[in-house]
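Asker: Work out the full structure, taking the sequences as your base and the hints as a guide.
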Amino acid sequence: MAAQVEEMNMNLITEQHIILDMEGNTQKEILHALAEIAFREGKVSDADTFFQELCKREQECTTGFGKGIAIPHARHACIKEAGILFVRMKHKIEWKSIDEKPVEAAVCLLAPDDKHDFHLKALSKLARRLMHEDFVDILKTAEKQQILSEIIDTVS
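Following my numbering, the numbering of the sequence shown begins with 59 at its first residue and continues without gaps.
Don't read these hints as lab results, they were simulated from the structure. Don't take each hint at face value.
To be verified - Ranges between beta-carbon positions, derived for each pair: (1) Lys159 - Glu118: 19 to 25 Å; (2) Lys114 - Lys138: 18 to 24 Å; (3) Met189 - Glu158: 14 to 20 Å; (4) Asp157 - Ala135: 30 to 36 Å; (5) Ala200 - Ala135: 32 to 38 Å; (6) Asp192 - Lys138: 21 to 27 Å; (7) Asp157 - Thr72: 29 to 35 Å; (8) Glu139 - Ala200: 21 to 27 Å; (9) Glu158 - Glu99: 30 to 36 Å; (10) Lys150 - Ala185: 17 to 23 Å; (11) Ser207 - Thr84: 27 to 33 Å.
Claimed, not checked - The calculated lysine-lysine pairs, modelled on DSS-like cross-linking and capped at a C-alpha distance of 30 Å, are: (12) Lys183 - Lys86; (13) Lys179 - Lys198; (14) Lys179 - Lys148; (15) Lys183 - Lys150; (16) Lys138 - Lys179; (17) Lys179 - Lys202; (18) Lys154 - Lys114; (19) Lys183 - Lys138; (20) Lys86 - Lys179.
Positions of the beta carbon are idealized from the N, C-alpha and C atoms, including for glycine.
Answerer: As structure tokens, this is what we get:
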């Protein structure tokens, strides 16, 4: 059982799911880029539908957690497998964050319709971890391998 959990976590996010110099000047451009990455990586069956779901979530309530970090997320039938994408932007992006500050990095959660609690559990764990400045600093400044390790440790 432990091996299954570890294997699942290893597939949730890989170095290919981490982009450290994301182009984009608006929240929608970043969300669209995340949808394209999810499609390219085989996590979603339709990039446009996933993009619309991410936008719909933002309309309900911002995913801009604060401290320069956003956690966009969606649960939908177009998502083929649970996953996590991470992007650090080249430019700070206005996100309507809770602290009204722009976003520098985003941890995107993808949850298939049949995994009702994955994104809620991962969101809760990430939100708690974002209370620690060392974790926030890692997301904003570290290289891929350290980010990968920290995110896996957080959601495991």
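Asker: Taking 30 Å as the top limit, are the C-alpha atoms of Lys179 and Lys202 close enough?
Answerer: Distance of about 23 Å is within 30 Å: holds.
Asker: Kindly confirm whether 21 to 27 Å is satisfied by the beta carbon distance between Asp192 and Lys138.
Answerer: This hint is violated: roughly 34 Å between Cβ atoms.
Asker: Would you check the hint for Lys86 and Lys179, treating anything up to 30 Å between C-alpha atoms as holding?
Answerer: Roughly 25 Å between the alpha carbons, so the hint for Lys86 and Lys179 holds.
Asker: Take the C-beta atom of Asp157 and the C-beta atom of Thr72, compute their distance, and say whether it sits inside 29 to 35 Å.
Answerer: holds, 30 Å
Asker: Are Ser207 and Thr84 spaced within 27 to 33 Å by their CB atoms?
Answerer: holds, 30 Å
Asker: Okay, Glu139 versus Ala200 on CB: inside 21 to 27 Å?
Answerer: With Cβ atoms ~26 Å apart, the hint holds.
Asker: What's the verdict on Lys179 and Lys148, does the C-alpha distance respect the 30 Å limit or exceed it?
Answerer: holds, 29 Å
Asker: Is the Cα-Cα distance between Lys183 and Lys86 30 Å or less?
Answerer: With a Cα-Cα distance of about 25 Å, the restraint between Lys183 and Lys86 holds, given a limit of 30 Å.
Asker: For the range 18 to 24 Å, tell me whether the beta carbons of Lys114 and Lys138 fit it or not.
Answerer: This hint holds: roughly 19 Å between Cβ atoms.
Asker: Is it true that the CA of Lys183 sits at most 30 Å from the CA of Lys138?
Answerer: With Cα atoms ~22 Å apart, Lys183 and Lys138 stay inside 30 Å; holds.
Asker: Can the restraint linking Lys179 and Lys198 be considered satisfied, given a maximum Cα separation of 30 Å?
Answerer: holds, 23 Å
Asker: Are the Cα atoms of Lys183 and Lys150 separated by 30 Å or less?
Answerer: Holds, at about 24 Å.
Consistency with the previously given hints fails for number 6 only.
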